[in-house]
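Heads up: the protein sequence lines correspond to chains E and X, in order. In terms of this note's numbering, the first sequence is residues 85 to 712. In terms of this note's numbering, the second sequence is residues 85 to 712.
Take the hints with a grain of salt, since some may be wrong.
Note that identical chains are pooled: a pair holds if it fits in a single copy or bridges any two copies.
25 Å max Cα-Cα, derived SDA-like pairs, lysine to any residue [unchecked claim]: (1) K688 - D583; (2) K688 - R634; (3) K664 - A610; (4) K664 - D544; (5) K688 - A610.
Hints were generated in silico from the structure; no laboratory data involved.
2 protein chains.
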Amino acid sequence: MGLGRLGDKILDTRAAAAGPAAGLGIVETYLARLHEDLSGLGSGEVATYIPELGRADPELFGICIATTDGQLYTIGDADHEVTIQSVSKPFMYAAALETHGRDRVLDQVGVEPTGETFNAIVLDEDTNRPFNPMVNAGAIATAELMCGPDPASAAEEMRRYFSRFAGRELSIDEAVFRSEHETGHRNRAITWLMLNSGMIERDPDEVLDLYFRQCSVLVSARDLAVMAATLAAHGTNPMTGDQVAAPDTVRDVLSVMSSAGMYDYAGQWAFDVGLPAKSGVSGLVAAVVPGQLGIAVYAPRLDPVGNSVRGVEACRRFADRFGLHVFGERSDPGQVIRRAYTAAQVQSRHVRDPREVDVLRQEGGRFAVLELQGMLSFGAVERVLRRMREMPDAVETVALDCRRVAMVDAGGLELLRQIMTVGRGPRLLLAEVAHRPALQPLADLAAEPGAEGLVELVGDVDGALEAFEDAVIAEAGAQADAGRFTLAEQDIFARLDADEIAAMETVAAVLSYDPEQVIVQTGDEAQAFFVVAQGTVSICVELGEGRRRRVASIGPGQVIGEMALLDGGPRSATAIADGKVMCYAFTVAAITEMSDRHPRIMEKILGSIVHSLSLRLRRANAELQALE
Amino acid sequence: MGLGRLGDKILDTRAAAAGPAAGLGIVETYLARLHEDLSGLGSGEVATYIPELGRADPELFGICIATTDGQLYTIGDADHEVTIQSVSKPFMYAAALETHGRDRVLDQVGVEPTGETFNAIVLDEDTNRPFNPMVNAGAIATAELMCGPDPASAAEEMRRYFSRFAGRELSIDEAVFRSEHETGHRNRAITWLMLNSGMIERDPDEVLDLYFRQCSVLVSARDLAVMAATLAAHGTNPMTGDQVAAPDTVRDVLSVMSSAGMYDYAGQWAFDVGLPAKSGVSGLVAAVVPGQLGIAVYAPRLDPVGNSVRGVEACRRFADRFGLHVFGERSDPGQVIRRAYTAAQVQSRHVRDPREVDVLRQEGGRFAVLELQGMLSFGAVERVLRRMREMPDAVETVALDCRRVAMVDAGGLELLRQIMTVGRGPRLLLAEVAHRPALQPLADLAAEPGAEGLVELVGDVDGALEAFEDAVIAEAGAQADAGRFTLAEQDIFARLDADEIAAMETVAAVLSYDPEQVIVQTGDEAQAFFVVAQGTVSICVELGEGRRRRVASIGPGQVIGEMALLDGGPRSATAIADGKVMCYAFTVAAITEMSDRHPRIMEKILGSIVHSLSLRLRRANAELQALE
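So that you can see chain E by itself, here it is in the shape it has in the complex:
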């Protein structure tokens, strides 16, 4: 990789990144396209069994995604309120589990999927129980558990409990409630049948009153997405932090949603889409990606089974595109960003002189690094993109350090690819990707035609940082002159007067090194120190068995082996010439000899070294903080 060329390219993006980074909108862009594509789906009929439902505009269409850390993405009619209908069932089931415990609830309602339709009048032959709480019989039996001592307050308690899932105060549509109350003859028949078989014991009117009210709670797709995200977050509402249900309750709710949430379509849905979900006849569908997000769609046209046509298709495409199936490869996205820093906080291993460091402090904010880890799933990449959007407008380049990324799945890759669709925002550099089979899809992505200027591969982050630093230092005209050569121009001798410089020149040895040549070897006795006049020197620690790790890069004007001036002892690191290098070398003996004639020389040199070491120590401490 030509670092210089990369540096130029990095600066180029300043012009390219014209719009503010905050306008990136990768997820919104995808959702907008999905919404547009599905708006053409005109099949299906609005439910008419309650007159109020029949009056819905069939073209209404809203989608909302809510993440488990509280980010909302909406498109279309996501704020249009409709009655929740059967989507209430999982939340009422949660209420029953929280109130009565698992055993009591299982006595009343089973957990077996059924091939029958949702309003079938069938009970388990062995136990008399309704098959599961997602069919009407099971939901009514669940409602009976929640009638409590005072039926009047049960509805208010239900409304309050649902509101905690939604994170705002929900209301009940009294007109729809009355309409259901008057026309729900089949549900009345189911309830009387269960009273007859002893499965319920209360007055069916009381039970149905609560059941019809729970179906008449008004929610928008936005509300429902938050309710689903609360399930995805194991029971804690991501907007309010309210622990609405225990993780064990959520586990049970998701289990029955998974096997029985989508009416007759449940088996194929579990196989194809693989997300716990629930639909309702008002045209709502809610699906849960555990640990990651909730998605809700509102579109009132229903298929023959009773599921929203656009709702099912939106969930299916979304889950398929981003690999969200519960048995697909997924991981908790929470920790994907291991560290975040800018070039102003952490610098490359190339040691810069103070003027250069000043430039980096000022300009380093243009280059950000996100160190990633784990699996790049949809949820993980969504967090990365969100973090990028939160960066200041000044950020022109974001390097993703993928050294600790184990894998990228289809969903993560697809979301990254959306960057090219949007076609703006900071340039993305993918580091530590080459020669890693598991990350080959990232390399392929960067090779796609639309990637240039938006997504590019680099070797490692240190190299990319160094290239950026070289570029901005050159831009500012602050680069240390590679050609400066005289002793008087070296920072370490800046405090010496002309006589002292002249004396130093008499004892300086000028040494040249070839690329890869060792200048100082760990363990050797320290008898001299060196000032780099030309070229770059790597300071390495020996790891044993011939392996070394570069801990610093030293350029013109910097000192090597300064400990020799004190008590000697063995060298603590190895210095190796990066390319052609020229150094001044001074034996300690020679400087000591001249101290009679020039008593302040040593003091002045040591002062410069203290200054340099202090700056390096401060930088190391700052880096330690930034890496926290």
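For this one, chain E is given, so just place chain X on it according to the hints.
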């Protein structure tokens, strides 16, 4: 927290940790107890429909767990080989999906759960397809897809493919094969029925030949656990690295195992245990915890449905105890350990003098730190325990830094609790747990009666490190004397002769500070430097709005504000007295004035400062490396 007391306690463990850490065996201990508890389960009957199965010893009982990173835990008869029987079905389904693609396979076999028994002669009325590939009809239809052009080589291909899942060469039990071939009349009927309805087209004898051979592959619980772990690892065998199936294939296989793997018991199993699983009439059960592990049990007594009695109960208890339900709280355990280091590599923020540092280099290996992140699930804690077992015997204390731990779930907590059951191993310190509601279960754990000496709470890792350091330094008799007081005893003046010391004493101001008092304020002009004679001083960087972060702790003999000796300028950090502090202060002007009479003073002081700064810089660089 009394640091001194903690330090004593930490050293106490040296005696307590008598056994080598490598003997810890938390998971093995749990498995051994589970095995013992269930060995009493004598209900159920060995299958007899094939004579070879009927001859199995009903008391055989083996369990194996294989993690997705290749760790195996076995107990009992885990190496006893039996024919795989119906547990072959998911793997043959994987073969068909890999060979023919999803659409072709779905044409042949559905994905709907069925309430019928596994050997029912029923097909889907709408499509004529068998309901799913986990019932015999579906498995036979799947086998037909794999007969290939040459029926003779199809069985060998099947054997090889299964072997890749197991990570070793499996063989076929010819006696069982012949027996099934002769007695499998019902399967023969199913096959002829499917030929009749046009679902299969090949000679039923050819198809059944392959099907009976696939049921006759010999596996142990160990083999089967690896096969299940390969599914858990999204298709890559964790022992061999072989990508046996694509992640999409595994997703489909796990979907049908989840809904239909456990015969009639599937619905309740999905709700209760919540793991994709498959059982067979030889007494094998395999279950998959996606992303984490595979578990396999062999115990030949079957319940009336046809599932191994002990196998079902072992999986149920294991999943319940450790919260492994697919819709429970779980996360990818891969990245739980963010950093690992010892007190020899990273030291507390308390700056030590060189003798003390030597002690820490030598003794620091007794104290290890694991910095954790994400969710402490079963899989995550298993990795932590495994890392602890891999530590050298010298490790007496392991501090778990929980600052970035979001949560501990039931499984993680339970596995940690097993430490008390085992009752030996390094002492575990839980840091950054207090006052965090999500980690309250960890605090409760440390308060349990059996926890003392094994699991204890500490505040932060820095404090625990400092306490350990104080303790080992005191043990070695190397502590800097808190009472030393004269200038001559200060390291920074160690190079001065008696005259020079006397001169310094004339200009030294002795200053006393109260706890929390500011000694040096960031931004003030630097005119003096300080030598700490008594007490401890915190060096802090100002974060704005009055917030500070401690970056170093300075004790007797250390210097504050040494940059004043050079070019002055504003202070770069704030120094605050931790408790009562006494310092010597020297104005730069006073030292400059005496340089005529004592020309080498400044040089000597600067030399000491260079020495100290070099050591601190080296330490910071080492810490940066350790934190990588």
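Status of the hints after comparison with the structure:
1. K688 - D583: Close inside one copy (13 Å) and across copies (22 Å); limit 25 Å.
2. K688 - R634: This pair counts as neither: shortest intra-copy Cα distance 30 Å, inter-copy 32 Å.
3. K664 - A610: Answer is within: at 23 Å inside a copy they meet the 25 Å cutoff, but 41 Å across does not.
4. K664 - D544: Classified as within; 23 Å inside a copy, 48 Å across copies.
5. K688 - A610: both (20 Å within a copy, 19 Å between copies)
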